[in-house]
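Once you have looked at the hints, place chains A, D and U with the ligands on chain L.
Protein chains in written order, with our numbering: chain L, 1 to 340; chain A, 1001 to 1340; chain D, 2001 to 2359; chain U, 3001 to 3359.
For the record, the hints were derived by calculation from the structure and aren't laboratory data. Please note: incorrect hints may appear among the correct ones.
[To be verified] Listed next, the stretches of chain L that the computed footprint assigns to chain D, with coverage defined by at least 3 CB atoms under 8 Å from CB atoms of chain D: (1) 70-80; (2) 103-110; (3) 144-152.
It should be emphasised that the depicted structure is a prediction, and the values quoted were computed from it without experimental measurement. The C-beta atom is built at its ideal place from N, Cα and C for all residues, glycine as well.
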Amino acid sequence: MTVTEIPTRRITTAKAMAEAIALEMRADPDVFVMGEDVGPYGGIFGSTTDLFDEFGADRVIDTPISETGFIGAGIGAAIEGLRPVVELMFVDFYGVCMDQISNHMAKIHYESGGAVKVPMVLMAAAGAGYSDGAQHSQCLWGTFAHLPGIKVVVPSNPYDAKGLMTSAIRDDNPVLFLFHKGAQGLVWMKKNPRSIADVPEEAFTVAIGEAALAREGTDVTIVTLSLSVQHSLDVAEQLEAEGISVEIVDLRSLVPLDRDTVLDSVAKTGRLLVVDEDYESFGLTGEIAAVVAETDPTMLKKPLRRLAVPDVPIPYARTLEYGILPTREKIAAAVKDLMA
Amino acid sequence: MTVTEIPTRRITTAKAMAEAIALEMRADPDVFVMGEDVGPYGGIFGSTTDLFDEFGADRVIDTPISETGFIGAGIGAAIEGLRPVVELMFVDFYGVCMDQISNHMAKIHYESGGAVKVPMVLMAAAGAGYSDGAQHSQCLWGTFAHLPGIKVVVPSNPYDAKGLMTSAIRDDNPVLFLFHKGAQGLVWMKKNPRSIADVPEEAFTVAIGEAALAREGTDVTIVTLSLSVQHSLDVAEQLEAEGISVEIVDLRSLVPLDRDTVLDSVAKTGRLLVVDEDYESFGLTGEIAAVVAETDPTMLKKPLRRLAVPDVPIPYARTLEYGILPTREKIAAAVKDLMA
Amino acid sequence: MAMGSASTVPVVDVATAGLRASIDPAGHRPKEENMNSPNRLDLYRGMVRIRRYESRILQEYHADKKPAWDIGAGLIPGEMHLAAGQEPTAVGVCAHLEKGDAITAPHRPHHFALAHGVDMNAMTAEIYGRTTGLCRGKGGHMHLFDPGNHFSCSGIIAEGYPVACGQALAFKRRGTDRVAVAVAGEGAANQGAFHESLNLAALWNLPVVFVIEDNDWAISVPRSRSTATASNADRAAGYGIPGVRVEDNEVEVVFEAAGAAVERARSGEGPSLIEIHTLRLWGHFEGDAQAYRGADLETVDERDPIPRYATALLESGDLTEDRILTIAAEADAEVDAAIAFAVDSPVPAPEDALLSVFA
Amino acid sequence: MAMGSASTVPVVDVATAGLRASIDPAGHRPKEENMNSPNRLDLYRGMVRIRRYESRILQEYHADKKPAWDIGAGLIPGEMHLAAGQEPTAVGVCAHLEKGDAITAPHRPHHFALAHGVDMNAMTAEIYGRTTGLCRGKGGHMHLFDPGNHFSCSGIIAEGYPVACGQALAFKRRGTDRVAVAVAGEGAANQGAFHESLNLAALWNLPVVFVIEDNDWAISVPRSRSTATASNADRAAGYGIPGVRVEDNEVEVVFEAAGAAVERARSGEGPSLIEIHTLRLWGHFEGDAQAYRGADLETVDERDPIPRYATALLESGDLTEDRILTIAAEADAEVDAAIAFAVDSPVPAPEDALLSVFA
Ligand SMILES: Cc1ncc(C[n+]2csc(CCOP(=O)(O)OP(=O)(O)O)c2C)c(N)n1
Ligand SMILES: Cc1ncc(C[n+]2csc(CCOP(=O)(O)OP(=O)(O)O)c2C)c(N)n1
Ligand SMILES: [Mg+2]
Ligand SMILES: [Mg+2]
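Next up, chain L with everything else stripped away, as it sits in the complex (with noise of 0.2 Å):
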């Protein structure tokens, strides 16, 4: 996936959407940050680091503990044409400002009538695995994905993030951005190796609505994305060892959803499942399900596999929160059932 005329170092994927954020800001004045300790902290979980610095308090902004307010305020800034790069610390916190969310800055474009532009990045972390309760390690992107007019974007290494933030800054279209905290490559929470990697300097796209073969395979495919592609990805590596070849699909983006990549391989495979870290029902792995099954059921050998938290609130012990979770064990079982 990489560039390879282009000069690349290892970056983790924090780095890489503060890259890209600087370069945007760089480029064009009308783009700015706003969010909780993004200034000098840098962003809880990294995606604002050294932007401070380098731009100062007037274009990287620390916000009071009013996400109505300041997603609001982002909203009414992209509307007279500046390109607002938002961060809501959690996603899990969408709920005191779901309303700006997903009935003004998903709708004012359609409501408008194509009026009024609303240009504006949401970004905001999600996921699990460090314990951190019910209230903060949810990945909810099936939750803004069934909600018309807001793009959403994915990624699960350094380069697609770095790609996919300034893809989401140039958008005319409100783009939320989830990330995960462990694919961050942060050094105080435990990483994938893959969360580091190589990313060009300058600036370049990831075109949202594109999905990624991060494998290819011939026996299953799984469909997933963020984090659990990272494990996917160690799962196959496991797997081939044992003779079974995994082909994933790294989906990057959710809205639009790139339906084609999807059926093509699980045509080739005719073997599907559908890792997430997102709660099973209502969600993506429907999404995915219904893709395949109103296409053409056929195209599955076996009855496709959903591996997703199974519908309960994230536990806290650590024991029950890897109970829930999608992690390369089940991956790897649930590949082999379908094997089976």
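Relative to chain L, chains A, D and U with the ligands alone:
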């Protein structure tokens, strides 16, 4: 569906809801009602008609327009053992209070390891069809059904409305009771005669989590809920004349979801149409697809069909709105497609 | 009403107020004039124009919903929140605004839209759900968007407040002296967004004027059962910004209070709050029987601000009986034309519903 | 700090305060005693108990996260917000509470939990994620639920405020004289839920005491960049309720202010707001390097309220050096036992995660 030994009369869905609440209030002093305009006004969509006159301002409480405040207060009261019935006037307003709903009402029982109960009903009006625009016409049941910890019920007729409301009030869990404005039987809104029906006078329950076979048939299964059940029944009657036998599953509850009734019907007919007035992607239609595809995709003689709002906000003008709603015409066309 | 006493604002000396011609159809005037004495004829004309508009919409809205009243039927379907009685608020505030200033209005938006220069034809066509509408029929009466006039509204209580803060932030960042006006009802002042917006605007010294239209009611809930203070001006102090309550539903009093607030915002001194005690002449929405309203309803007509202002202007010599008729006729002609434009405009094709989800 | 001046509260005359024994482990005392002069030794003991607890959790939390610090590793995983420095708030307020009164605490809850009588063993086991924990390991440090003590907390800013209103509503409906205390930080006072709750409680005359712990910081954001007023007591006026700002982080001053507020609530006179200017002795959460804190950090130790109180009590003769040691030793013993209880308790089985979604 009516219990014939018991005296019944024909009443509207709205009246059935209010009656269920009144009966529970008479039986249990801990039941009380809160919300905007639930008092003398009787609820904008009639769900609390006459309650104020009988029970007074102390048990039927008009609130300020502070949904986070009063839904949170409902939760606090429920924690202390009261049984509040709280109205959110339109489900579209969830965004101003979603934190209380999804991070508190839904999670407290689980987070507390079962130590704390939240016996509360949250009722809200849903649905489109009368040009109320993008912020007052949504269904959004898929949004809530995605989040663990809330039971979600959505009646399609007066009998179920009364029975489900009674069950909801008696349930020790938070229950979200969504009612379609167009199925309330209001005098000031166009209605299907099915919104007025025989209902027993006394208290009775409809079990939460049990779908109803609203109509038996052999050719095609329509899985649906709420106002779309009424449309589907009309279509089924019409198509019977054309020799197509339609079976209709009225889900009634989304959480818990009655998978068996869905699967039994699809196993019988082999043809599945899911009709939903909520947004198409990442919602109910996907979930039903997954239930089938993870059980046995070979049940489907043809690819399943989804008929839902095609991922656009609800537009205002009548032509536009009916352009995206699941009307009788579109249901009939989809059934015929499945039979072709 | 709850505890406390309302702030009072001195009524301007009407005798010294001169007459000047307006410079654009909305009544916007050059900045240097705005803050001074009002153009009384313009104020009167602006109110009459709104009232004729609302009255006519009222009539058209109900006209084809007979005999069985159906909210979704007729040429104008859906909820309809009319602002009759609240004209002094919109006209008094907007007289200080210039083209380029922003307004976010709530579910009851027509008076502010008209007073701020939103095109009556395009607005009416939107209310009729036509392709020539401001939003090509997608928005409707609660969702009027006119980016040229920086006008928008939202049907969600108080949620226009944060958006106005953002517009003000943009104006400030760009170094302009534009001002954003955020409008909501007294019921809305108990919504969280109100609080967050006032704090944000105060903290960042944004050029916002927060307007609360206190019409005593939030649908069926009287202010005394929604609000723990008699004046939201008291709340402004909690954010260190000026707050004023205008007790009289008189356009010149509103004009005076708004002038100070707009001037403050425009000159970079930051936000203010104005609560105006106004009057909901009709139901919350059309179809509202107002049974809950009791005795309050009996005196409603007496409190109508427009005849009262006419009487005052007749007495002061600023207006003549003839002029009253001309002004009404001019307004009616404009409204007639707008309705005709709407009715004659095409209805959108169903498949257009799929357009404009994304830019 | 922004504009305005803070309210002051007279310091109680420490010389006249007597010593009394506490009647339950949490230090709750019979109502008739609560509102009078404080039991100074109890106050001191309560603060030391909390401090020893937080210090020990600090130590245990970091102990097994070496050499590579990993937030999810070790016997205590996850975020950890400790309340060292804020003991006067919890102890001063809870000294007035009785068993049956409710508290909703925020993400930083230990001091209020301990001061309100939550069992230290069960609480510690919860923090360790054990089956013997308050929530059987499902909740964790930000989600401690103890229905017996009507204690709960939430990790979402300010969202405990509405829940406390509901508990107060239940107390009132049932005709009891129970009181609900809602606690949040100064950062939280800019969240919409704060505003809605104050209005609701004032409107319905609910027995709530709203407590704001102003520790100058909301993670890295100083109060001056979050709050447009120097005192949230100013905001109370916007709801017609008493608001007081306690400028000193001294337990007896807090005790005095809280006494009036609790008494008011208990006697049916309605809610009040108390903002206490307290001190965040450590980082926002463990692992916070506090680089943003600058000079403020240098004087932190001098401002520690516990040694200061000890000195005062030594001077007044209420405390001796010996007693200081005994009190610390008693606290340590209790904490040791709680940690041992937690560590010795079983870890939940993974499949138990599926239990308790519904009752
Ligand atoms: C968040 C939210 N809650 C409730 C409503 C329903 N609603 C629409 S208008 C209204 C009353 C508004 O009262 P007020 O703010 O005083 O404005 P007025 O209608 O009197 O102009 C209510 C409750 C809404 N639109 N949004
Ligand atoms: C709605 C919401 N927004 C943001 C956060 C993240 N957050 C947790 S604690 C905190 C700072 C809280 O500051 P304050 O209220 O002053 O309490 P303190 O931590 O100082 O005790 C923030 C922003 C949250 N938990 N909930
Ligand atoms: Mg009002
Ligand atoms: Mg703080």
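Non-conforming hints, listed in increasing numerical order: Of the numbered hints, all hold.
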